[in-house]
Amino acid sequence: AQSVAQPEDQVNVAEGNPLTVKCTYSVSGNPYLFWYVQYPNRGLQFLLKYITGDNLVKGSYGFEAEFNKSQTSFHLKKPSALVSDSALYFCAVRDTDNAGNMLTFGGGTRLMVKP
Amino acid sequence: DAGITQSPRHKVTETGTPVTLRCHQTENHRYMYWYRQDPGHGLRLIHYSYGVKDTDKGEVSDGYSVSRSKTEDFLLTLESATSSQTSVYFCAISEFMGKGYEQYFGPGTRLTVT
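Going line by line, the protein sequences match chains C and D. The first sequence begins at 56 in this note's numbering and counts up one residue at a time. The second sequence begins at -12 in this note's numbering and counts up one residue at a time.
It cannot be assumed that every hint is accurate.
Chain C side only, calculated, beta carbon under 7 Å to chain D, not exhaustive [as the list claims (entries may be wrong)]:
{"id": "1", "residue": "Gly84"}
{"id": "2", "residue": "Tyr87"}
{"id": "3", "residue": "Leu99"}
{"id": "4", "residue": "Phe101"}
{"id": "5", "residue": "Ile106"}
{"id": "6", "residue": "Pro134"}
{"id": "7", "residue": "Phe145"}
{"id": "8", "residue": "Gly155"}
{"id": "9", "residue": "Asn156"}
{"id": "10", "residue": "Met157"}
{"id": "11", "residue": "Leu158"}
{"id": "12", "residue": "Phe160"}
{"id": "13", "residue": "Gly161"}
{"id": "14", "residue": "Gly162"}
Computed spacing ranges between beta-carbons, pair by pair [stated by the list, open to error]:
{"id": "15", "chain 1": "C", "residue 1": "Pro170", "chain 2": "D", "residue 2": "Pro94", "range": "43 to 53 Å"}
{"id": "16", "chain 1": "C", "residue 1": "Met167", "chain 2": "D", "residue 2": "Glu14", "range": "28 to 38 Å"}
{"id": "17", "chain 1": "D", "residue 1": "Thr4", "chain 2": "C", "residue 2": "Asn123", "range": "25 to 35 Å"}
{"id": "18", "chain 1": "D", "residue 1": "Glu1", "chain 2": "C", "residue 2": "Glu119", "range": "22 to 32 Å"}
{"id": "19", "chain 1": "D", "residue 1": "Gly(-10)", "chain 2": "C", "residue 2": "Pro134", "range": "10 to 20 Å"}
{"id": "20", "chain 1": "C", "residue 1": "Asn110", "chain 2": "D", "residue 2": "Glu1", "range": "43 to 53 Å"}
{"id": "21", "chain 1": "C", "residue 1": "Glu119", "chain 2": "D", "residue 2": "Glu46", "range": "39 to 49 Å"}
{"id": "22", "chain 1": "C", "residue 1": "Gly84", "chain 2": "D", "residue 2": "Asn15", "range": "36 to 46 Å"}
{"id": "23", "chain 1": "D", "residue 1": "Lys(-2)", "chain 2": "C", "residue 2": "Lys169", "range": "13 to 23 Å"}
{"id": "24", "chain 1": "D", "residue 1": "Ser54", "chain 2": "C", "residue 2": "Asn123", "range": "37 to 47 Å"}
{"id": "25", "chain 1": "D", "residue 1": "Ser71", "chain 2": "C", "residue 2": "Ala60", "range": "34 to 44 Å"}
{"id": "26", "chain 1": "D", "residue 1": "Lys40", "chain 2": "C", "residue 2": "Pro73", "range": "42 to 52 Å"}
{"id": "27", "chain 1": "D", "residue 1": "Thr4", "chain 2": "C", "residue 2": "Asn110", "range": "31 to 41 Å"}
Computed cross-link-like contacts, DSSO-like style, restricted to lysine-lysine with a CA-CA straight-line distance of at most 27 Å [to be verified]:
{"id": "28", "chain 1": "D", "residue 1": "Lys(-2)", "chain 2": "D", "residue 2": "Lys44"}
{"id": "29", "chain 1": "C", "residue 1": "Lys169", "chain 2": "C", "residue 2": "Lys77"}
{"id": "30", "chain 1": "D", "residue 1": "Lys44", "chain 2": "D", "residue 2": "Lys57"}
{"id": "31", "chain 1": "C", "residue 1": "Lys124", "chain 2": "C", "residue 2": "Lys77"}
{"id": "32", "chain 1": "D", "residue 1": "Lys86", "chain 2": "C", "residue 2": "Lys113"}
{"id": "33", "chain 1": "C", "residue 1": "Lys132", "chain 2": "D", "residue 2": "Lys44"}
{"id": "34", "chain 1": "C", "residue 1": "Lys124", "chain 2": "D", "residue 2": "Lys86"}
{"id": "35", "chain 1": "C", "residue 1": "Lys113", "chain 2": "C", "residue 2": "Lys124"}
{"id": "36", "chain 1": "C", "residue 1": "Lys77", "chain 2": "C", "residue 2": "Lys132"}
{"id": "37", "chain 1": "D", "residue 1": "Lys(-2)", "chain 2": "C", "residue 2": "Lys77"}
{"id": "38", "chain 1": "C", "residue 1": "Lys132", "chain 2": "C", "residue 2": "Lys169"}
{"id": "39", "chain 1": "C", "residue 1": "Lys113", "chain 2": "C", "residue 2": "Lys132"}
Derived by calculation from the structure, the hints in this document are not laboratory data. All values derive from a computational prediction rather than experimental measurement. Just so it is clear, CB atoms sit at the ideal spot from N, CA and C, and this is done for glycine as well.
The task is simple: from the sequences and hints, build the whole structure.
In structure tokens:
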């Protein structure tokens, strides 16, 4: 079984400040972890993924995420937020034993960046 | 959108009527998925396909059926629509990139059941 939790429905941050969007996961095997972003009235866009290797993963638009196995977390971060980063962010997980490549998504976190 | 189109993009239908949503991809991907998106629930998997005529159920498959008669098309059917099926429906494909598979999503279909 695989599951994801995004504990914050909304994160508010001022433009120029660092941002963190939290994600924790549960899998029976090893995790593949993903972050997606959704802008209004659009589909989901891939941001970054963790498969193996370095725990710090860099992705699109200056975002990065840190895989922490002991805390079963995969928090999304950006050093300096932009107003244009305001969107809905989804964390997703896939167990490496999942033959159908099926993802389980968290409930989403709305990021609001204020000028 | 990784060559994924969905049709229709918007639909309003009445309770009890059948509805079919279409997902079309142009890049010969083996894996295709149907999700629904509802506030507070993120995306939930309805059905997926791992090849022509090969499909399986996801987390929320009750009331839905799918068909895949050719690689490029994955159809989602609501046999008798209910108000609880009002949602935004996303199709996705899975593509091997770098060290692992990534899913890419279509633009979505907004379905309202009145």
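Quick rundown of the hints versus the structure:
Against a cut-off of 7 Å between C-beta atoms, the interface hint on Gly84 of chain C is violated, since the closest Cβ of chain D lies about 14 Å away. The beta carbon of Tyr87 of chain C is positioned within 7 Å of a beta carbon in chain D (closest approach about 6 Å), and the interface hint is therefore held. Below 7 Å, beta-carbon pairs count as interface contacts, and Leu99 of chain C has one with chain D at about 4 Å; its hint therefore holds. Among the interface hints, the one on Phe101 of chain C holds; its C-beta lies about 6 Å from the nearest C-beta in chain D, closer than the 7 Å criterion.
A least Cβ separation of about 4 Å between Ile106 of chain C and chain D falls short of the 7 Å threshold, and the interface hint therefore holds. Because the smallest distance between the Cβ of Pro134 of chain C and any Cβ of chain D comes to about 24 Å, over 7 Å, the interface hint for this residue is violated. With 7 Å as the threshold, the beta carbon of Phe145 of chain C comes within range of chain D, its nearest partner Cβ sitting at about 6 Å, so the hint holds. Against a cut-off of 7 Å between C-beta atoms, the interface hint on Gly155 of chain C holds, since the closest Cβ of chain D lies about 6 Å away.
Evaluation of the Asn156 of chain C hint against chain D yields a held restraint, the C-beta minimum of about 5 Å falling below 7 Å. Restraint check, Met157 of chain C versus chain D: the minimum CB separation of about 6 Å is within 7 Å; hint holds. Below 7 Å, beta-carbon pairs count as interface contacts, and Leu158 of chain C has one with chain D at about 6 Å; its hint therefore holds. Here the hint on Phe160 of chain C is kept, as its CB sits about 4 Å from the closest CB of chain D, short of 7 Å.
Interface restraint check for Gly161 of chain C: the shortest CB-CB distance to chain D comes to about 5 Å, inside 7 Å, so the restraint holds. Because the beta carbon of Gly162 of chain C sits about 4 Å from the nearest beta carbon in chain D, less than 7 Å, this interface hint is met. With their beta carbons about 29 Å apart, Pro170 of chain C and Pro94 of chain D fall outside the hinted range of 43 to 53 Å. Checked against the given bound of 28 to 38 Å, the beta carbons of Met167 of chain C and Glu14 of chain D, roughly 35 Å apart, stay inside it.
Between Thr4 of chain D and Asn123 of chain C the beta carbons are some 48 Å apart, a value that contradicts the proposed interval 25 to 35 Å. The hinted range of 22 to 32 Å is not satisfied by Glu1 of chain D and Glu119 of chain C, whose Cβ atoms lie roughly 47 Å apart. At about 33 Å, the beta-carbon gap between Gly(-10) of chain D and Pro134 of chain C misses the expected band of 10 to 20 Å. At about 52 Å, the CB distance of Asn110 of chain C to Glu1 of chain D agrees with the hint of 43 to 53 Å.
Remark: the range hint 39 to 49 Å for Glu119 of chain C to Glu46 of chain D is contradicted by a beta-carbon distance near 29 Å. For the hinted restraint 36 to 46 Å between Gly84 of chain C and Asn15 of chain D, the CB-CB distance of approximately 29 Å leaves it violated. Between Lys(-2) of chain D and Lys169 of chain C the beta carbons are some 36 Å apart, a value that contradicts the proposed interval 13 to 23 Å. Separated by about 42 Å at the C-beta atoms, Ser54 of chain D and Asn123 of chain C satisfy the suggested range of 37 to 47 Å.
The hint said 34 to 44 Å for the Cβ distance between Ser71 of chain D and Ala60 of chain C, and at roughly 24 Å that hint is violated. A hinted range of 42 to 52 Å holds for the C-beta pair Lys40 of chain D and Pro73 of chain C, which are about 49 Å apart. Under the hint 31 to 41 Å, the C-beta atoms of Thr4 of chain D and Asn110 of chain C, about 50 Å apart, miss the expected range. Proximity of Lys(-2) of chain D to Lys44 of chain D is assessed by CA-CA distance (about 24 Å); at most 27 Å being required, the pair is judged to hold.
For the hint pairing Lys169 of chain C with Lys77 of chain C, the CA-to-CA distance comes to about 19 Å; that is within 27 Å, so the pair holds. Between the alpha carbons of Lys44 of chain D and Lys57 of chain D the distance comes to roughly 19 Å, so the proposed pair stays at or under 27 Å and holds. Under the criterion of a C-alpha separation no larger than 27 Å, the hint pairing Lys124 of chain C with Lys77 of chain C is consistent with the structure, at around 14 Å. For the hint linking Lys86 of chain D to Lys113 of chain C, the alpha-carbon distance of about 14 Å falls within 27 Å, and the restraint holds.
Among the hinted pairs, Lys132 of chain C with Lys44 of chain D is inconsistent with the structure: their alpha-carbon atoms are about 34 Å apart, more than 27 Å. Our distance criterion of 27 Å between C-alpha atoms is met by Lys124 of chain C and Lys86 of chain D, whose separation comes to about 19 Å. At most 27 Å may separate the alpha-carbon atoms for a hinted pair to count; Lys113 of chain C and Lys124 of chain C meet this at roughly 17 Å. Distance hint between Lys77 of chain C and Lys132 of chain C is fulfilled; the C-alpha atoms sit about 9 Å from each other, no more than 27 Å.
Under the criterion of a C-alpha separation no larger than 27 Å, the hint pairing Lys(-2) of chain D with Lys77 of chain C is inconsistent with the structure, at around 35 Å. Between Lys132 of chain C and Lys169 of chain C, the direct Cα distance comes to roughly 17 Å. Compliance with the 27 Å bound is thereby established for this hinted pair. Distance restraint check for Lys113 of chain C and Lys132 of chain C: the Cα-Cα separation of roughly 10 Å lies within the 27 Å cut-off, and the hinted pair is therefore satisfied.
The structure is inconsistent with the numbered hints 1, 6, 15, 17, 18, 19, 21, 22, 23, 25, 27, 33 and 37, although it conforms to all the rest.
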